[in-house]
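K.L.:
So you can see what is in the structure, the chains are spelled out below.
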Amino acid sequence: MKFIPEIALKTIMKYAIHSFIYIALLFSTSSFANSDAKAEGKSEKFNAGELIIDHISDSHEWHIAGDLVMPLPVIVYSSKKGLSVFSSSHLEHGEVYEGLALRENHVVAVNPDGKENEEATAALWDISITKNTATILFSVFLMCFVFISVAKSYSKRPDMAPKGLQSWVEPLIVFVRDDVAKPSIGEKKYARYMPYLLTIFFFILFCNLLGLIPFMPGGSNVTGNIAVTMTLAVFTFIITSVSGNKHYWKHIVAMPGVPGWVLFLLTPIEILGVFLRPFVLMIRLFANILAGHIIALSFFCLIFIFAEMNKGVGYSVSVVSIAFTVFMGFLELLVAFLQAYVFTLLSAIYFGAAVEEAHHPPHPDTEQQGLI
Amino acid sequence: MDLVKPAIGLIFWMTLSFGIVLFILKKYAWKPILKSLSDRDASIQDALDTAKRTKEEMAALKSDNEKLLMQARAERDLMMKEARDTKDAIIAEAKSKAALEANKMIKSAREAINTEKLAAIAELKSQVATLSVDIAEKILRHELANDDKQKALMNNLLKDVNLN
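Chain order of the listed sequences is R and H.
Last residue of the first sequence: number 361 in the numbering used here, and the count goes up by one each step with no gaps.
Last residue of the second sequence: number 182 in the numbering used here, and the count goes up by one each step with no gaps.
Honestly, the hints are just simulated from the structure, not real lab data.
Honestly, I wouldn't trust all of these hints.
Unchecked claim - Below, computed lysine-lysine pairings styled on DSSO-like, alpha-carbon distance capped at 30 Å:
1) R/Lys171 x R/Lys235
2) H/Lys44 x R/Lys141
3) H/Lys44 x R/Lys177
4) H/Lys105 x H/Lys115
Based on the sequences and whatever the hints tell you, model everything.
P.N.:
Structure below.
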């Protein structure tokens, strides 16, 4: 039942994307004709797809406003040259620095003649502080600041009603404890997993909310980046596997009470399921946040698509576009909380399944929810 | 496609920073926060329990008080009843005594009156006798004053006497 809003949301998004693509196609052809008619007078044609991809992708510089960008450190390790650390401003506009250059947002090794050296590029380890990394670090610092100060106010004012920042985060902490951890894992064992569950909940929430802010320190698409969601899912997977008891593994390898010939079918499915669950966690968060960003940006791009046709149309469309963008903003605010909750809840359910005692009947919801 | 290809650098930083934040927050934030939350829950529960117990004690005290009050009231009623009974008894005794006394007085008065009456009657009788003798003497004297009258009397008396 919990997933109905999510499904509904996805359906809405799907329709929105479809209608957007349709509209975009319709007008891109006409704007082609338009620009052809105007001939070479105009220098660059507005490309919505490129702009959107540029906004949702990771980057080596942090866009602040207009042409103002904050360069970020580039950190590249290669076995030949060792570690090289320098500002990304050296690589602006395709410049070459220390035999390295930026090609489509990737650091590549170039030969002295300026051509990309694919062999050397393959040997590069790019651990630069990108926009997403910087946002992750920012939200990590923010989390440390917020929660350590909250912890201090708890120890300073014991047994008193929460105040200030405390009263903002306390309901969420109590929610994760009482509505996520306790029912999914059980009264006895939930305490062990609370730090992890709280950390992923607030990490995802903070990153989601930062992603909704269109300028620094937000503006990056952290939780809509597959590397980030993959890392989070791997954490959940490792914790689930490490805490899995005999009962859990027995149910996966050989489900008790099932005839032998069925096991030939069931065991591979169960083993696949072990990997599928974190995989689905990764995809769900990634797709939801990415889709939200794409749609919000698409509504915004409509203004420029229409403005390219005709300025007046552009102005009139901007009213509708901004209304839709604001609507998407609110929807994304809901999604930010919802996805943080869903990721945390499913992680808790997997932990609960892993530590379940033998005498309990298996949780009927676990299998279903794991596959949604 | 670039979007679904996880970047190694980001995975590295993500793992590092997430691991660090997990460690730091576990040690310096979640443990103290969760501990204070459960402490507070416990203290709230404790306060509620205490309140409940106090309420029960108050109720017990109230019923005790009521019992005492009832007892006192019953005692008072008893005392008042006794007092009333005593009063009634005293009044009844006084009344009976008074009645007795009155009766005695009435009786002695009556006796005195009787004796007085008897004395008076006796005196009256003697007076009446004397008076009657006097009257008879005067009447006789008057009746026999002249001869005619003596004769008439003689005749009268003779008329009554039958010579049979």
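K.L.:
Each hint should be assessed against the structure and marked as holding or not.
P.N.:
To see whether the hints hold, each was checked on the structure:
| no. | hint | result |
| --- | --- | --- |
| 1 | R/Lys171 x R/Lys235 | 22 Å, holds |
| 2 | H/Lys44 x R/Lys141 | 14 Å, holds |
| 3 | H/Lys44 x R/Lys177 | 19 Å, holds |
| 4 | H/Lys105 x H/Lys115 | 15 Å, holds |
Hint violations for this structure: none, all hints satisfied.
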